[in-house]
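K.L.:
Sequence order for the protein chains is A and B.
In this note's numbering, each number is its position in the first sequence, counted from 1, plus 1.
In this note's numbering, each number is its position in the second sequence, counted from 1, plus 288.
I should point out that these hints are in silico values taken from the structure, not numbers from a laboratory.
No residue lacks a Cβ here, since even glycine has one placed at the ideal position from N, Cα and C.
One thing to keep in mind: the hints can contain errors.
[As the list claims (entries may be wrong)] FRET-style restraints, in silico, Cβ to Cβ:
no., chain 1, residue 1, chain 2, residue 2, range
1, B, G625, A, G273, 46 to 54 Å
2, A, L165, B, A483, 50 to 58 Å
3, A, I252, B, L477, 47 to 55 Å
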Amino acid sequence: MSALLHQIFSGLAMGGIYAILALALVMIYQATHLVNFAQGEMAMFSTYVAWEMIDSGMPYWAAFALTIVLSFIGGMLIERIVIRPFAHAPVLTIVIVFIGLLLIFNSVAGWRYSYTIKTFDSPFPDKRWFGNTLMSSHESGAILVTFAVLALVYAFFRFTPLGLAMRAAAQNPASSRLVGIRVGWMLAIGWGLAAAIGAVAGMMAAPIVYLDPNMMLGILLYAFAGAVLGGIDNPWGAAIGGFTVGVLENIAGAYVVGPEIKLSVALVIIVGVLVVRPSGLFGRTLVTRV
Amino acid sequence: MTLANDTPTALSAAAIAQAGSRRLQRLAMGVFCIFALGLPFVASGYHLFQFAQVLIYAIALLGLNILTGYNGQISLGHGAFYAIGGYAMAILATKFDVPYWATIPVSGLICFVAGFLFGLPALRLGGLYLALATFALAVATPQLLNYRGFDAWTGGSQGLQLGKPHAPFALPLTSDQWLYFLCLVCAALMFWAAANLVRGRIGRAIIAIRDHPIAAETMGINISFYKAMCFGVSALYAGVAGALGSIVVGFISPDSFGLFLSLSFLVGIVVGGLASIWGVLFGALFIEFVPNYADQLSDLFGESAKALPGAIYGILLIGLMYLMPTGVAGVIRTAPGLLSRLFSRPKRV
Numbered sequence: 002m003s004a005l006l007h008q009i010f011s012g013l014a015m016g017g018i019y020a021i022l023a024l025a026l027v028m029i030y031q032a033t034h035l036v037n038f039a040q041g042e043m044a045m046f047s048t049y050v051a052w053e054m055i056d057s058g059m060p061y062w063a064a065f066a067l068t069i070v071l072s073f074i075g076g077m078l079i080e081r082i083v084i085r086p087f088a089h090a091p092v093l094t095i096v097i098v099f100i101g102l103l104l105i106f107n108s109v110a111g112w113r114y115s116y117t118i119k120t121f122d123s124p125f126p127d128k129r130w131f132g133n134t135l136m137s138s139h140e141s142g143a144i145l146v147t148f149a150v151l152a153l154v155y156a157f158f159r160f161t162p163l164g165l166a167m168r169a170a171a172q173n174p175a176s177s178r179l180v181g182i183r184v185g186w187m188l189a190i191g192w193g194l195a196a197a198i199g200a201v202a203g204m205m206a207a208p209i210v211y212l213d214p215n216m217m218l219g220i221l222l223y224a225f226a227g228a229v230l231g232g233i234d235n236p237w238g239a240a241i242g243g244f245t246v247g248v249l250e251n252i253a254g255a256y257v258v259g260p261e262i263k264l265s266v267a268l269v270i271i272v273g274v275l276v277v278r279p280s281g282l283f284g285r286t287l288v289t290r291v
Numbered sequence: 289m290t291l292a293n294d295t296p297t298a299l300s301a302a303a304i305a306q307a308g309s310r311r312l313q314r315l316a317m318g319v320f321c322i323f324a325l326g327l328p329f330v331a332s333g334y335h336l337f338q339f340a341q342v343l344i345y346a347i348a349l350l351g352l353n354i355l356t357g358y359n360g361q362i363s364l365g366h367g368a369f370y371a372i373g374g375y376a377m378a379i380l381a382t383k384f385d386v387p388y389w390a391t392i393p394v395s396g397l398i399c400f401v402a403g404f405l406f407g408l409p410a411l412r413l414g415g416l417y418l419a420l421a422t423f424a425l426a427v428a429t430p431q432l433l434n435y436r437g438f439d440a441w442t443g444g445s446q447g448l449q450l451g452k453p454h455a456p457f458a459l460p461l462t463s464d465q466w467l468y469f470l471c472l473v474c475a476a477l478m479f480w481a482a483a484n485l486v487r488g489r490i491g492r493a494i495i496a497i498r499d500h501p502i503a504a505e506t507m508g509i510n511i512s513f514y515k516a517m518c519f520g521v522s523a524l525y526a527g528v529a530g531a532l533g534s535i536v537v538g539f540i541s542p543d544s545f546g547l548f549l550s551l552s553f554l555v556g557i558v559v560g561g562l563a564s565i566w567g568v569l570f571g572a573l574f575i576e577f578v579p580n581y582a583d584q585l586s587d588l589f590g591e592s593a594k595a596l597p598g599a600i601y602g603i604l605l606i607g608l609m610y611l612m613p614t615g616v617a618g619v620i621r622t623a624p625g626l627l628s629r630l631f632s633r634p635k636r637v
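Just need the whole structure built from these sequences, with the hints factored in.
P.N.:
Right, here's the structure in full:
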């Protein structure tokens with residue numbers, strides 16, 4: 002029983018990381034109806050940046066904050082420079098561009114930081130929280146960070162004028178432009194936010210999965226599964242989906258399919274949800290007028 | 289009025305241009321055939337192996353291009369079908385003692401069924417979701433091939449070792465030369481079939497589905513049937529390529545079927561030209577030789593040369609989408625017209 006509980010809780014910790022990355026995916030999806038295949042690699046690159054800063058002696062939380070700011074700027078620049086020219090291109094073109102970004106980030110990270118696996122220290126003290134024996138301190142901390150990110154994102158979109166403007170721009174770009182919202186910049190900010198949120202996911206994942214250029218590939222896949230399961234146009238659904246996928250993945254890995262083929266759990270979830278209920282658990286069903 | 293006056297001359301000009309490009313096309317075909325047939329007698333064994341690999345990639349790319357280029361269904365996971373074909377061949381040859389040449393069509397058929405089955409749920413997915421599902425397939429493939437439950441069949445992470453076949457009927461050919469010709473014959477058959485498929489009624493139907501599904505359906509095209517068939521045929525091509533791949537390499541293991549392979553295929557059709565039959569040859573040359581040359585640069589760059597193919601692929605994918613979204617084939621198609629417009633004096637009317 003305690004083994005099962007242990008699996009569930011460490012699943013929740015990984016699920017929190019999937020939830021954050023899924024949130025980043027949803028943020029771009031809501032504005033552009035596209036899924037950013039490079040989201041994971043962008044997060045991986047941010048994590049390397051954080052590692053470099055910590056390695057040169059910067060305190061963890063300072064590096065954490067600076068990485069988030071840099072990722073935000075980087076995400077905005079990518080939208081402005083790379084993505085903007087393809088604003089009205091067909092889906093296939095944009096998917097190809099995303100794959101290009103994925104390959105570029107992966108190889109630049111490998112070139113700059115080498116392909117050898119690095120350890121990434123957890124910021125949380127090595128003492129178990131409240132004497133619980135089910136989770137390591139990093140797992141508890143990662144869950145806490147997840148909730149903090151969710152709360153911040155909620156507050157941003159609910160209570161700030163910029164958040165309102167972004168929601169408006171995503172929902173109805175034409176009318177938003179008429180009332181004076183700069184829709185193009187809202188998109189760029191959305192990309193920046195997604196990159197920043199992804200960076201948090203990367204930095205929380207790195208102590209668990211270790212740092213290497215391919216570390217986010219599996220995590221991105223689970224985040225896809227979480228986003229699809231929760232409904233890719235609903236941030237809260239995606240967060241819940243991320244947690245669910247984390248737990249499912251851990252339990253299936255421990256008791257059903259074995260740890261070596263855990264990734265196929267994500268494949269089964271993605272294909273299963275898309276076939277049975279394409280809008281996900283909490284998503285809206287889209288009806289297109291012909 | 290001007291329109292009426294212009295039309296005949298414009299028409300005849302177009303006809304002349306078309307006839308010219310026909311002749312050019314035939315010439316290019318002839319040169320290509322001589323090159324392809326003569327190559328085994330001048331190239332060394334290793335180079336021959338590389339060109340056999342080019343032909344194999346070309347077959348796989350052809351399949352992906354039928355699906356993605358002509359039918360508009362995005363697949364980021366064709367490496368999975370290539371893997372199924374390769375493993376089907378290896379398992380048939382090692383466990384059932386099927387002669388290697390007979391495994392090629394069987395592997396193709398197995399992949400057709402696998403692709404058709406994967407294509408059935410894929411019918412309900414729009415472009416983006418299909419990309420997601422196939423991406424997941426590509427990422428999960430090496431793990432699935434490594435699965436301990438299949439060890440008895442697949443050899444696990446050790447893979448399967450195959451012998452190199454020799455030329456039959458006492459033909460005076462080395463093993464490498466024979467394998468090259470085998471690939472050449474298969475590629476020629478597959479290209480011929482694809483060219484006919486795309487040019488005919490079915491081809492027009494699948495292009496119509498890509499361009500305007502609703503209009504296509506009102507014209508009486510059975511969209512689900514064609515889309516699933518397209519997926520199946522495309523997987524069949526990947527499967528034949530995979531089978532040939534394991535025959536030529538003589539060894540198969542899960543590591544060679546990662547996400548990078550699937551993404552290489554995507555790079556291949558983008559470089560060669562989406563929705564083009566002959567373009568895939570350029571794409572295949574590209575994805576065979578770029579990683580190879582990058583390897584040779586490792587003396588210069590040390591370990592970071594490993595990053596080079598990925599970087600080149602990534603930059604090219606984005607750059608090509610900016611500058612020449614029709615790939616090499618598109619440039620070749622439009623270049624004669626552009627050149628003649630550049631060099632011919634503008635006519636006064």
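K.L.:
Decide, hint by hint, whether the structure agrees.
P.N.:
Here is how each hint holds up against the structure:
no.	hint	in the structure
1	G625/B x G273/A: 46 to 54 Å	49 Å, holds
2	L165/A x A483/B: 50 to 58 Å	56 Å, holds
3	I252/A x L477/B: 47 to 55 Å	49 Å, holds
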